[in-house]
Amino acid sequence: MTVTRLKVRPFSALLVTILCLIVVWPQTIMAQDLFIRGGTVLTITEGNLTDTDVYIKDGRIAGIGQNLEAPEGVRVIDARGLFVMPGILDDHSHMGVDRGINEGSRSVVPEVSIADVIKHDDPAFFTALAGGITTIHTMHGSANSIGGQNETIKLKWGRPWEELVIKNAPGTLKFALGENVRRSSSDDPTRYPRSRSGVAEVMRESFQLAQNYIDDWDDYQAEKAAWDRANRRNRGFAPLPPKRDLQLEVMAKALRGELIIRCHAYRADEMAMMMEVCNEFGVPAGVFEHALDGYKIAPELARNGWATSVFADSWGYKIEAYEAIPYKMQIHYEHGVRTSINSDSAERVRRLFQEAARGVKYGGVPENECLKMITINAALNLGIDSWVGSIELGKDGDIAIFSHYPLHTAARCEMTIIEGEIYFDRSATDVAADWVIDPDGGDRNRP
Amino acid sequence: MRTRMTRRAAGAIALAMIITLPALAGAQQNDWAITGGTVVTVSGRTIPNGTVLIRDGLIAAVGTNVQIPSGVERFDASGLFVYPGLIDAGTGLGLQEAGGMAGPVDNFELGPYNPHIEAYIGVDQNSEILGCQRVGGFTSVVTGLNGRGEPIPGWDSLINLWGWTPQAMAVEKRIGLRVNWAGNRAEDLKAYFMEGKAYATRAEMAERGELADFEWDIRMEGLIPVVTGELPVIFEARGEDDIKEAVEFAEELGLKYVIRGGLDAWKITDFLVEHDVKLLFSGIHATPGRDEPYDIHYATPALLHEAGVDFAIYSGGVANVFSLTYEAGMAVAFGLPMDKALSCLTLDAARILGVDDRLGSIDEGKVANLLITTGNPVEYTSQVQTMFIRGEQIPWDDKFNRLLRRFIGRAGEITP
Chain A
1 MTVTRLKVRP FSALLVTILC LIVVWPQTIM AQDLFIRGGT VLTITEGNLT DTDVYIKDGR
61 IAGIGQNLEA PEGVRVIDAR GLFVMPGILD DHSHMGVDRG INEGSRSVVP EVSIADVIKH
121 DDPAFFTALA GGITTIHTMH GSANSIGGQN ETIKLKWGRP WEELVIKNAP GTLKFALGEN
181 VRRSSSDDPT RYPRSRSGVA EVMRESFQLA QNYIDDWDDY QAEKAAWDRA NRRNRGFAPL
241 PPKRDLQLEV MAKALRGELI IRCHAYRADE MAMMMEVCNE FGVPAGVFEH ALDGYKIAPE
301 LARNGWATSV FADSWGYKIE AYEAIPYKMQ IHYEHGVRTS INSDSAERVR RLFQEAARGV
361 KYGGVPENEC LKMITINAAL NLGIDSWVGS IELGKDGDIA IFSHYPLHTA ARCEMTIIEG
421 EIYFDRSATD VAADWVIDPD GGDRNRP
Chain B
1001 MRTRMTRRAA GAIALAMIIT LPALAGAQQN DWAITGGTVV TVSGRTIPNG TVLIRDGLIA
1061 AVGTNVQIPS GVERFDASGL FVYPGLIDAG TGLGLQEAGG MAGPVDNFEL GPYNPHIEAY
1121 IGVDQNSEIL GCQRVGGFTS VVTGLNGRGE PIPGWDSLIN LWGWTPQAMA VEKRIGLRVN
1181 WAGNRAEDLK AYFMEGKAYA TRAEMAERGE LADFEWDIRM EGLIPVVTGE LPVIFEARGE
1241 DDIKEAVEFA EELGLKYVIR GGLDAWKITD FLVEHDVKLL FSGIHATPGR DEPYDIHYAT
1301 PALLHEAGVD FAIYSGGVAN VFSLTYEAGM AVAFGLPMDK ALSCLTLDAA RILGVDDRLG
1361 SIDEGKVANL LITTGNPVEY TSQVQTMFIR GEQIPWDDKF NRLLRRFIGR AGEITP
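Protein chains in written order, with this note's numbering: chain A, 1 to 447; chain B, 1001 to 1416.
Fair warning: there could be bad hints in the mix.
Claimed, not checked - If you want the ones that stay clear, here's a sample from chain B, every Cβ over 12 angstroms from chain A, calculated:
id	residue
1	V1072
2	E1245
3	F1271
To be verified - Covered by chain A, according to a simulated footprint, are these stretches of chain B (three or more residues, beta-carbon under 8 angstroms):
id	stretch
4	1303-1312
5	1315-1324
As the list claims (entries may be wrong) - Okay, derived cross-link-like pairs now, DMTMM-like style, lysine to aspartate or glutamate, Cα gap no bigger than 25 angstroms in a straight line:
id	chain 1	residue 1	chain 2	residue 2
6	B	K1197	B	E1207
7	A	K318	B	E1128
8	B	K1190	B	E1251
9	B	K1340	A	E414
10	B	K1267	A	E347
The set of hints was computed from the structure by calculation and includes no laboratory data.
Glycine included, C-beta positions come from ideal geometry on N, C-alpha and C.
Go ahead and model the full structure; you've got the sequences and the hints to work with.
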């Protein structure tokens, strides 16, 4: 995270340095400095603050309060009458992936990585920004039992992909259960596993092989240490290290809790299975993706510490989606199951705030709790809550400014800011004006 | 936590009992006096503390000074709102259950021209997916076959989302004949409609005894109401050229018609106004093409409204018809007046479908399809608390609510 924030393009750095040398500045004003005046600030974690200013300095939130003084020279955004919320997170997305969502040749492919196929100029990033999204978790698909490593990125549209990646974000590993993994839509399935029971054993086998791999390396390290300690004359041949295995290396990380497990799951039995297998191996609880039937086992999810990332109300598109209910957010909330609302779609991502409003409509979840489901809860699900997901001092200056309270009809995202830089400004382009999505013109919307 | 959840669970069960009681009693109750709520008629005024009197499933009176006959059951809507039931003017409801399997999908017929088949007949009145749409406030929908985009998939039907048989659900078995327009189909469609016209003439002559060798044809019979201008054709056309061609086709043949789809309608608002086109628009949440303004589909309803185009909106969906209120809401965020957004789901939809004499607003003589809500159903957070269809209070026992009641009660089992 820090790396990303402090990273300055060499040319800009040079320019700023030269300017500083020539001109005597009262203080250096960076592009990442911004003063947002007088909005209703929805901090998410510390209540709603009216007529409040937010000052972003060097890309981080440096001030929150009433009647703050804007430092001289800093760009001021007038947010009076508007709603200032943290940039929205979509923690289940496939945007910006240039083919390679599913490596379907084998069912277990933890070694593959989304980082290798990021398409940083995906025009969908722009339309997502226009809906207040600042961070997405872009993932492998659900065709594989273990589908590979995902990537958490910020939608710095127009920047090279290295700058999009949140480098300090914990790694995440995609798992999947149910109809997709079983390739059940295929008339002639030829790939093992074909059954939910088979999928369970694939998980067990994968964790056991990873455990064996860890043990082999531990044994080797012990032998090597003993060999190193032994009298030089009596040492004999040095012990040979085990063969390095890129797949098991990733699985070993998952086993040790160094990667967050993100497990596509629909039915309650699948989730119960995954929790059972993870508990057997002492694997830390992760996040169930979609978790359509999670509401049926909310007490078990809560007890085992698993979180969920759900669709607000999509259902009925296949038989394992036939029991999903829009009241799931209510049930999860009442049982203390941490829940985010995701899009899984380049379309829906543009209006996650509207998806979150369904928590109020169906079951009366408190409004701020619904906003958490598209901000801090998603950040917690991704292990990046120290930097994003709420408006707090020291956090990244990732902000979405809305015309109305974001869960109410008429709410429209007016401006989206990442680390103090404006990446979307609706006033720079009128509705239905001559403004087209053009990946090559990505910088056109930047002030 | 335990106490709170137990209480909520108890509340849910109590609510379930209250709501299902009329159904359990077995008596169909079509006479009601809904009192104390704010009545939003949509056609005209909004009446605070108004009364809606329902007799035999019809709205008998609306106002503040309504005489309530003795023996009429009262529903206290104090603190709540009364809205007309919502209408989705284009769905596939009842003709397909869960997707992904061939068995429960019953939304297309073989062959390019099926002007004789009717959608309502295949509606599964016990469809779980159909019943769940009520939670969003929908009481009536147009449903139709369209699974494979055949040129003439059949007659769309307007149905209520409540009834023991498809026949009882049907408001209009033939609300319009669906034609999926495409430029390269124009000649064939024209030939087919001309054949229909000729057939209609022969059928009429035969009726009068002027034609001895009349040969009855089931498909041609289906075409008669449209070629004689009695009932509309519902052309599905999305692109700019397709919409124009379909309109010109309808005008040339003298058809009564509605355009549905209309994704490109924003490009040709002048044309639509000039030709008095009735439009059912779908696609507010569609993603823009690379060569289109980034928010054009959100903004299209506002642009149509400002230009004076006569339109309503529909979902085109099945499982998520109930989310159409969110599309309407997004149109509001991009400039469509709230009243027009609501009318797109009520009175305007009814009028474009030609049933505004019966549906779409709270007026004397109309069918008592009513919602009891916490606010405007287009508002994202408004809750529909109960509804009446043909004056009957609907048991809130759709699949969503059954599962909610079953599983929310698990709260007490949480162990530390």
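We went through each hint and held it up to the structure:
With a closest Cβ-Cβ approach of about 31 angstroms to chain A, B:V1072 is found to remain outside the 12 angstroms limit, as its non-interface label requires. With a minimum CB-CB distance of about 24 angstroms to chain A, B:E1245 clears the 12 angstroms threshold, and the non-interface call stands. No beta-carbon of chain A comes within 12 angstroms of the beta-carbon of B:F1271; the shortest separation is about 17 angstroms. Counting residues of the stretch 1303-1312 of chain B whose CB lies closer than 8 angstroms to any CB of chain A gives 1, which falls below the minimum of 3, so the coverage claim is violated.
Requiring three or more residues with a Cβ within less than 8 angstroms of a Cβ of chain A, the coverage given for the stretch 1315-1324 of chain B holds, as 5 such residues are present. Annotation: proposed proximity of B:K1197 to B:E1207 holds, straight-line Cα distance about 15 angstroms (limit 25 angstroms). At most 25 angstroms may separate the alpha-carbon atoms for a hinted pair to count; A:K318 and B:E1128 meet this at roughly 13 angstroms. At most 25 angstroms may separate the alpha-carbon atoms for a hinted pair to count; B:K1190 and B:E1251 meet this at roughly 12 angstroms.
Distance restraint check for B:K1340 and A:E414: the Cα-Cα separation of roughly 23 angstroms lies within the 25 angstroms cut-off, and the hinted pair is therefore satisfied. At roughly 22 angstroms between alpha-carbon atoms, B:K1267 and A:E347 fall within 25 angstroms of each other, so this suggested pair holds.
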